[in-house]
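Undergrad: With these hints in hand, go ahead and build the complete structure from the sequences.
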Amino acid sequence: MTSDAAVFPPLEHAAYPAAFRPAAKALCGRLCAIYAHMYHRHFANFVETHSHVAVNAFFKRFVVFSLRHDLIGPADLEPVAELVQNLLRTHKKPPPPPSTPPRRSASLPPRVAGVQTT
1 MTSDAAVFPP LEHAAYPAAF RPAAKALCGR LCAIYAHMYH RHFANFVETH SHVAVNAFFK
61 RFVVFSLRHD LIGPADLEPV AELVQNLLRT HKKPPPPPST PPRRSASLPP RVAGVQTT
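If you count the sequence shown from 1, position 34 lands on 34 in UniProt numbering, and the numbers rise without skipping.
Treat the hints with care, since some could be wrong.
[To be verified] Straight-line alpha carbon distances no greater than 25 Å define the calculated DSS-like cross-link-like pairs of lysine-lysine that follow: (1) 93 / 60; (2) 92 / 25; (3) 93 / 25; (4) 92 / 60; (5) 25 / 60.
[Stated by the list, open to error] Per label pair, the in silico range of CB-to-CB distance: (6) 45 / 14: 34 to 42 Å; (7) 9 / 49: 35 to 43 Å; (8) 10 / 68: 20 to 28 Å; (9) 75 / 9: 24 to 32 Å.
For the record, the hints were derived by calculation from the structure and aren't laboratory data.
We treat Cβ as the ideally placed atom computed from N, Cα and C, and that holds for glycine.
TA: Below, the structure is given as structure tokens:
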């Protein structure tokens, strides 16, 4: 699915086709089902290996992003609804994304490959 360049453009600034949003929704719905399976069948293993905190953090980020961009709905989250409520109870809503990218301040020196120049 994600290897189809007609749906998922390989170039960063390429326009997204009309088929992108439905494909992204389908993909996120499948990821919800995978997370639900993981929580219902394998959560004891996550606790045993002390990885449950990381799994919860990844799932929470996925849910917040997917809800914010309308990629999943209540039906997708129904199998893990109680968990989602608990995870989102402590979530602080981020500010909306800027309509234009922030401008670099003229007072800051330029950066090259992550190294500050003088």
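Undergrad: For every hint, state whether the structure bears it out.
TA: Hint check:
no., hint, result
1, 93 / 60, "holds (12 Å)"
2, 92 / 25, "holds (24 Å)"
3, 93 / 25, "holds (22 Å)"
4, 92 / 60, "holds (12 Å)"
5, 25 / 60, "holds (17 Å)"
6, 45 / 14: 34 to 42 Å, "holds (40 Å)"
7, 9 / 49: 35 to 43 Å, "holds (38 Å)"
8, 10 / 68: 20 to 28 Å, "holds (25 Å)"
9, 75 / 9: 24 to 32 Å, "holds (28 Å)"
Of the hints listed earlier, there is not a single one the structure fails to meet.
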